[in-house]
Amino acid sequence: MLENAPAQTPPLPDDPENEGLDDAEPSLSPAVAALIGEGLRSYYVRLMDEPMPDRLLELVRSLETQGRASDDG
Numbered sequence: 008m009l010e011n012a013p014a015q016t017p018p019l020p021d022d023p024e025n026e027g028l029d030d031a032e033p034s035l036s037p038a039v040a041a042l043i044g045e046g047l048r049s050y051y052v053r054l055m056d057e058p059m060p061d062r063l064l065e066l067v068r069s070l071e072t073q074g075r076a077s078d079d080g
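With our numbering applied, the sequence shown corresponds to residues 8 to 80, in that order.
Keep in mind the hints are simulated off the structure, nothing from the lab. Be aware that a few hints might be false.
[What the hints assert, rightly or not] The calculated label-pair distances, taken between Cβ atoms and stated as ranges, are: (1) Ala38 x Asp78: 50 to 58 Å; (2) Ala76 x Ala38: 51 to 59 Å; (3) Leu35 x Pro60: 30 to 38 Å; (4) Val39 x Asp79: 48 to 56 Å; (5) Glu65 x Ser34: 39 to 47 Å; (6) Ser77 x Met55: 24 to 32 Å; (7) Arg62 x Leu42: 29 to 37 Å; (8) Ser77 x Leu42: 42 to 50 Å.
Here the structure is a predicted model, which is why all the values come from computation and not from measurement. Where a beta carbon is used, it is the ideal one built from N, C-alpha and C, also for glycine.
Assemble the whole structure, with the sequences as input and the hints as a guide.
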């Protein structure tokens, strides 16, 4: 039955019906927060093991060269 339900859009901030919602603090249960944290840590650990793309290394070298040239000038 939920497959046919229309997608709900988030409320617009200027909608008078939503007055005072900005004051509410979002909260997650500790279990959900821990699960998200573990997932992010796992992702970043894997990301740090990935090699730096050649194009990014070229850009960094170029910026370093430009920085040294401007320091000398």
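Hint by hint, here is what the structure shows:
Here the CB-CB span from Ala38 to Asp78 is close to 51 Å, well matched to the stated 50 to 58 Å. As the Cβ distance of Ala76 to Ala38 is approximately 54 Å, the hint placing it in 51 to 59 Å holds. For the pair Leu35 and Pro60, the supplied restraint of 30 to 38 Å holds, since their beta-carbon distance comes to about 34 Å. Distance hint for Val39 and Asp79: a CB-CB separation of about 53 Å, consistent with the stated range 48 to 56 Å.
At roughly 44 Å, the beta carbons of Glu65 and Ser34 sit within the given window of 39 to 47 Å. Distance hint check for Ser77 and Met55: the Cβ-Cβ separation is about 31 Å, which falls inside the suggested range of 24 to 32 Å. The supplied range of 29 to 37 Å is met by Arg62 and Leu42, whose beta-carbon atoms lie about 34 Å from each other. Distance hint check for Ser77 and Leu42: the Cβ-Cβ separation is about 47 Å, which falls inside the suggested range of 42 to 50 Å.
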